[in-house]
Amino acid sequence: MPTNPQSQLPNPELLLFAARRHFFQQCRVGLGAMALGSLLTEEGAHAAMPSPSVADDPLAPRPGHHPPKAKSVIFLFMAGGPSQLELFDPKPRLQELSGEVIPESFVASKRFAFIKKDAKLLGSVRKFAQHGESGQTISECLPHLAQVADEICTLRAMKTDVFNHGPAKFFMNTGSPLFGRPSMGAWVTYGIGSQSRDLPGFVVLQSGPRGPRGGGPNWGSGFLPTTYQGVPLRNKGAPILNLDNPEGIAAADQQRFIGAVNDFNRLRFAETGDGEIATRIAAYEMAFRMQSSAPELMDLSGESAETLALYGCEPGKPSFAMNCLLARRLVERGVRFVQLYHTDWDHHGNKGTELGESLDKICHETDQGAAALVLDLKRRGLLKDTLVIWGGEFGRTPQGEPRDMIGRDHHIESFTMWLAGGGVKPGLALGKTDDIGYYGVEDVVHVHDLHATVLHLLGLDHLKLTFRFQGRDFRLTDVHGHVVHKLLA
Amino acid sequence: MYFFRPALGAIFFAGLDFLAIAAEPAEVDYLRDIKPIFAAHCTACHGPKKQENGLRLDAAQGIFAGGDNGPAIMAGKSAKSLLIEAIRGTSEVVSQMPPKGNPLSTEQIALLARWIDAGPKAPNEALAQSAQSSHWSFQPVVRPPLPLVKDPAWPRGAIDAFILAALEKQKLVPSPEAERPTLIRRVSLDLVGLPPAPEEVAAFAGDQSPDAYERLIDRLLASPHYGERWGRHWLDMARYADSNGYTRDFGRQIWKYREWVIDAINRGQPFDQFTIDQIAGDMLPQPTQEQLVATGFHRNTLINEEGGTDQEQFRIEAVADRVNTTGSVWLGLTLGCARCHTHKYDPITQTEYYQFFALLNNCDEPQIEVPSKLQVARGDLERREQVRAEIKRLEAEQERLRPELEAKQQAWEAEVTPQERARLPGPVQVAYDMKFADRDAKQKKLIEDYYKGTEAARQAFPLLQQIFQLREQEPKIATTMILRERAKPRETFVHKRGDFLDPGAKVTGGVLAVMPSIDHADEGMVSRLDFARWLVAADNPLTPRVAMNRDWQKFFGRGLVETEDDFGTQGSKPSHPELLDWLAREFIHRGWDVKTMHRQIVCSNTYRQSSEVRSDLAAADPQNKLLGRQARLRLDAEIVRDVALAIGGLLTETIGGPSVFPPQPEGVFDFTQDPKPWKAATGGDRYRRGMYTHFWRSSPYPMLLTFDAPGGNVTCTRRLRSNTPLQSLTLANDQAFFECAQALAIRAIDHSADDANRAEYAFRLCLAREPTSAERELLSRLVADETKATSGEPAAAWTRICRVLLNLDETITRE
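Chains as they are written, first to last, in this note's numbering: chain R, 1 to 489; chain V, 490 to 1304.
Just so you know, these hints were derived from the structure itself, not from any lab.
Take these hints with a grain of salt, some might be off.
As the list claims (entries may be wrong) - List time: in silico DSSO-like cross-link candidates among lysine-lysine, alpha-carbon distance up to 30 Å:
1) R:Lys110 / V:Lys985
2) R:Lys117 / V:Lys985
3) R:Lys464 / V:Lys610
4) V:Lys1114 / R:Lys464
5) V:Lys1168 / R:Lys317
The following block holds chain V by itself, in its conformation from the complex (with noise of 0.2 Å):
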């Protein structure tokens, strides 16, 4: 351990990556070093909108060119150059720089004045602000020949090659293929969510033909899981939840949305359908109901329905989340950065940021009612119609014994317990306690609608009991919320400073002027739909890149490009830019076709590596960016529930539907403003999968919170996986997790009379392979244990074990 010390001691002081702790100082970087410390503290005098005495230095150009006192810098001599005399308050010429603010540190300083004695880089990019971006992402996507490779027998198709050739750069050799339980629980986890079944592996582990991967994959890609599990990744970055958020965070019903999403991805859509769909379907010509339906991707904003809110405020934040998240969604830009100023790094000035905002500016947010093929194939709508005539009808006949009504509905009111006041509704308890004649209108509807729907009520006037009884048949409709163009567009303004009270010029939608340019039907006006067809234009060089990267990095733990959400200048360059490119070229040339690709990228040699940490690869490539192996990753918080019910034979496999909810500890709600209703399920809605609990936005089923998924709140194209002691005591005492182990206990008791083939089966269950010797003995000493602590008693001492085999880490983990 003592050799380790100075090289972690190392690692503090650096602040580099740890791959370059032993190199030299790293050269300055221009737009790495230097560009941020000109726009932290010199552009806002010396930039596009002010050149104080000719001076611009946002760009390297400027910097190079000098201003009226002549040139800024002299190419190595930092220690003569007027910008390093000015900034240290040196120079006879100009006062010390910046005039206000905080000085530049040392450290700053030294930067600069290293950048200058090297000889002033930067590169072609950097030069100029203009239309043109040399930067990496907004180049358009080639199709890069295929590298040579020194072992040409290990890939099997494009990707590998492309993994292998740089692995043999650093005379790296990739891992050998997992164990066959691994992989058939590694890959069913990653397309379905699921693990496989004892029999499934071992029908799989016994397939000795030379396809039995790929149909293995064909099989899991048809199956309606796949959707769902897809279908959640969707879901975090179109901040699903069941709730409006903010401060009463009210509930809502969306959930068609997440229907319509996972049926979307298990029919196969074409990304760039889906894309379209999501984003203007309510613009298509005709639209269905299903297009309607899945602009609900862009209703999952928050609204506050706090008393004495400015509505305007909080639609104009949700128009700027909407912006915001189709910008990450799609371009991987950080376009939020432009709100207030022109951004920092990226050619995004704000005016192009309010061209964004224009186009998601203009649409109204109905709430419509979407029947289900059923409901409509049989006549609900019909139906309802007719009972709610009759309800009329009746209603009108009941009006005609108002005083007789009146007169009942005192008498109630004199003889309701104090019990039962405090069971009023908060409006009608209200109500209840005002005199009869000093109720207003409202009040007084409130307190009689209630009172006709008592038992008493019903009992004295057989029409209402009719009434109830209709209301009871009345076909109940599902409703979504959904987005449609307003006919007469909104204007909109460049805000100052982000401040939407402070409205600056006026423009129209538009997009980036570094990027392709929109076709638009309509002259002059670019619409929400252009956009949409813009988004997944053939020639959007983002699109297809930050959809590809993030498909891999849920198949790798990490993207090609590791900043997922930040393609611009500021994020991290790809590892493998060709392999992203070829991606990206293939995901258009198969036409956005998903599945295919997700095809390619699990039946590759680079996928099925083991994922053993191999000491040559831990000291030549830490993080296992070249992915000389596939990577362990811990199982995201649905699937964590999912595993867990399925091992314990408990799972309720309906797709779709309402959302449902499961037992949770006591006492969720006591640190929320309303209490939230949670009736725990008692049917087969108890083992639903985990995309299907109820989201409250202001407290969260805690086991999904626990297990990092996402609030709802932002858009989110990357989890977090934390490693913390509240998940240990969730999976070791939560309620559903215990009910899991005593499933899974009863099965194992089923299978076999004898308790090695018992445990080797919950075993296997759990983990899809089989236990190593050394596992096999901790596992017939578990059973002795917990046998002897529970006097012989089957179920609970098989409970105990199986709580133990649920708890390991590889049962929540994917290999």
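Chain R with its partners taken away, still in its complex shape (with noise of 0.2 Å):
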């Protein structure tokens, strides 16, 4: 570090005082103080000053609404819509009328993406039994999700809007059908920040053979500021965008690049008095950080043979599995909202996407890693401050789709959802179908209520956690959602 010129540099108490004055200054309007001017003067109880300040770091940790129940999320996204009546709603009554056109009154003003309205209805040729002391019914194709059935509350009449997949999407992750409105996690993100220094607060993972349909707006931050959207973590090359140095620039070559910037980028900030620099400078050292900290992150040699065989996951393969293990990690680290996306649930009947061999492979991709990671974070004692949920889109309608095998199309009136820990009542099954499994008759909840539940537990008012955007006060539930106080433990 050059040490003549020190003598001009502001210090690093006045480089914070700088940049935190300069945050309510400048960003009252729009950025993260919006959060914070609505987050923290609705309770005074939580109005501490936070620590480390949201000034250098618009990511840093601060209080929400009330205490929280979780303190990070894990969303297992299951892509394509996964058959609720195949994986935990049996029917016998469906199984009873397989093969009959569906009773119009069931239909009469209803629209489906494939299907027709005299499409007949299509029994379940799975098998399913109660497991665990709470007796959660789970079928044969989730054997490893079985052993884990008293930890798990499941949601058995959720109902969503949209019945197409890039839309239903964008709904589950962001309450809009529409393209670019903020995702759940950078909403998190926008109202708690994240307790992770030096990675990013909201990740999102990818894997089976081709990413989820809609692409990024999916993690997006919408018009929230780009620092609440979902980063990305591969896993070939370096886990994060341009993570790595380019070629000939060594580790300590970087720490003294990053010390030159910043040097410089202090004396400006001396001669202008802009707190702009000071984030700026904040921002070089986390980047320095991230460096080392993904890449760590992502080192799998640490962890037992016994903890790979529990999630059934190799180093060196990518996988669910893998993405379950490191999602374990990531929470481990603070980071607040870990997302991963594993395809395609989409069985609408054709070669590859039957319910038959195609749902075989998909629940065997992904049985094994989910339970492993409810397991997992039990046994470490995460789980209780962690929330984990798993579901998709939307669920599959009790009708078969006439396709060239057996299928069935989008079905947005029930599916099911599981979630686990983080303040939910664990062995409890919520809400229930008729007899056909077509609509939700008990306990019914809809993705916006949920949005306003994974806020609650997280310490957010879904009703005050807003954003002004083309003259509105925006909210992830829109101008719907109700907390289900029944799944709270």
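Once you've looked at the hints, go ahead and assemble the two chains, each given alone in its own frame, into the complex.
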């Protein structure tokens, strides 16, 4: 580090102060201060100065509206729409009526993606059993999940609004079927920041044959600052884009580089007094930390053979199971919101998308990892602070789809998701569907309600977490959503 | 630091504007504090549609008038007011209000009580819902008189007079003019988005003539890069992108629209014509090709190509987006709020929303071919027809050889290796996997066409080789997406609660009752063209204010109205209302000439001020709303790239043309449904300006996204400026920026044999100014460190030095 011009550099305290003052002065409208303004004025009890300061880091952790139950979220997004009728929701009546045209009363004013209103009902060939002390009903497709039945809370009458994949994925992630609204992970990190000082606050992982439909906007920040968008973590090459130094630049060179950049920046800060420069200095320091912490995160050599076997993953072979293990490592390191996408659950009934072998295959790919994640979090004492969410953008119809093989169309009226940990009642089976599994008839949980509940568990009030855009205070739950108190532990 | 803690704490509790920290609790404001409470809890039953017990609470007049149970409020006596009793549930006359839903919070009740106790007041405009609004932005734009200032020597014109008068009121003085290198860099970045060359800086710094600055401005405004810079601003609002969005996000061709925008701005097309061409160019008499291309503005909406979608649903979404975008861009109104219900705060009814909808609901959405002037002149179209006719003739001839072809094709299929099979396009592969006889007609053609293009087939059949060569020679004509009005208009209905499956009353085109009326030629029918003309009619109070405010925002970082997309009652009030009106009036007076207005703004002393933070201003005006100094602004995403390329001497300055594919990091498409084609350019297209980078909506070029470029999904009238570690990683490590560092290193080395000269040259290329003595010391330390670390290998050492300079905050900031 150069020493000579040191006398002209402002001291770190002054820098911090300037950055903080700058944050509140310049960012009153639009940036994180909106969250602070609304969060911290509501509840006097939580109005303490957040530390470390949001000033030099908009991702700094900060209190929400009420004490949280969960500190982090891991959302296992089963892209394509898993069939609840094959996995969770056995329907003897549907079995009996299999092959008959669905009664018109069910479908009078409905729209479907592919099937017609005279589609025939389709019973499931899968065997179901009750598991654990709680007696959760789970099919033979998910034997590992059955073993953690008492840890999970199943939502058996979920409901959504849109029946095409892209819009439905946006709806599950952003509360709107349109492209480009802020995602749940963005809202959460905007609201309460992240505990991690050297990894992004919102991380996205991907497995399966291809990426999820819709791509980036599923984890985008929409009109929130880009700071809050999900950062994809890659399984091959550098885990974060541009994480590796350019060729020929060693770690020591990079350290010198960051030092030199920040020396110049400190001088300019002293000259102009612009707090934005202090923020940039902090950003370069965090970038440098990220360069060592991200590879450390991906390095599984410290994991025991037993742990690897529990998840069923092999180092060097990207898989959903490995992503589950990485998810645990991420929340261990304080990352606020982790989302795993696994494709493709879209079982319409063509070769490769039928409810026979294809369903077996994807269950096999995901079942062990998801169950292991719950177990592993639990034995490490992390489950109580970590909310695990499993589910897709919608479910599948009780009607079969007339394609080459057995399959079902997209269904929005009822489907199953499960939650675990993070203040959720373990072993609870919430919600019932009608005899043929068409509509939810008891404890229906709409996607907006799920969003309200997730925010609630994180200490956020979905009515108060707002951002003003185009003249309106937007929320994750739009103008809807109720916290599902029945599932709170 | 301790001194400031209580003050900071106060911000948290107050939750009000920073300026108000030390003030007493603010006076309760009807529009800000009271009306929203009624709107949220009461007006569903006590509003325009229903008046339970004869009470209306949506307008202040109704509140003052009371209902069937008598007066709702008693001035000065909140405790005795029926309204408060009802809300508290203490009334003997009525049950607790609201009967359903969330009760009012204690804070809300306290606000209502304070409002009543203070002697309830509401502005005249809030008294009644009527066709008149006294809200400032709906009032006619009148040229205000120039204010008197104490220091008449400072203002160069009207702009400065308004700014100075407001500063003087607060006993503040403006900042001195920025140093010349800073000034030329600032105005170059603002007008053309490129940094000045060191020679230009030197020439300007040394130019003692009184009009040196004005001549600089004229040169920049005449530069074709001006159209690129301001065209990109416009493309933000047009939500331009090169793909369809939603699920599949396939590519689209609409770059001719981008080219049109750049060209229209460069040739100084007046803003009213610019507007009419884009909203309704297709409806003008004998529209030119350019006018058709211009209607691409509203074709930048998304298209959902997912299987099993209800196409009408997504067409409706696109039309709604056109309404919302038009509302934001021209009127500064949040029309979208009225899609599901009458606007809660502004005079926009749901019916009026669907009147706008009807105006934009009557077009087809075709694609047209757009040959360039050169292509027309050299007869490409005719030549293409000839080539196509010849291909057709040869194909007929080839058809006679069908038995031989089928035999050869089957022989070929038998020889396809598994590797070759894997490379077949998806649908061809499906057909290939089936038995010849089992394929349907479409599949047969698919695989036959594929086979005909293979080298094996072309060797076996000379005719196929001829056809192949002709196809290569066929002139390629660009296409673009446009609007075309339908002969028979669609019917438009109000969508109840915004649901298009639940149609309400039928509506026809029209505009807001509070706005000036719309002229229309055709008796009874208002057309999209009438609407376009109405948007830029001389008596439209919103369009010129909104447009000028947005341009002001680009030059100062903040609009005179901070909520540039909301000029309604919930938006912020103008900081300098007279100045805004002066600009709006002048804009119309100058024939909607944007360049003239830009010249006036950048020539003002207000614009030329230094951006350095001053302690007196920081205390009195922390957000710099009064503009006692200029602002330091991080460059827009594309400009961050352009500046690095220009500094490295790499920039390819070609204007317009199709989108390009600069190198991007590996793995960007792992997270999308379909991998996107992205073959990094190797020639000049590798170094084009950021605005030409192909933009996939589902997976934008990472650098652009990281630096806050909008996603192109909805209109963007203001970009956020974030400051994140991912930005640092991009500038530090991204290949594109590393190449700029390498190129800058070569420039520095070529410049001089002396290290100090090299360092200073590179520094000036980046920042336009000379280093200070402290910076010189840092530079020499840096040169020494890196020379040592690289064992004196100059290219390596200077690449590292230049990499530091390209990463400076100031390099990506306009001061």
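Hint-by-hint comparison with the structure:
1. R:Lys110 / V:Lys985: The hint holds at about 18 Å.
2. R:Lys117 / V:Lys985: The hint holds at about 25 Å.
3. R:Lys464 / V:Lys610: holds, 28 Å
4. V:Lys1114 / R:Lys464: Judged against 30 Å, a Cα distance of about 28 Å means the pair holds.
5. V:Lys1168 / R:Lys317: Measuring from Cα to Cα gives roughly 27 Å; hence the hint holds.
In summary, the structure agrees with every hint in the numbered list given earlier.
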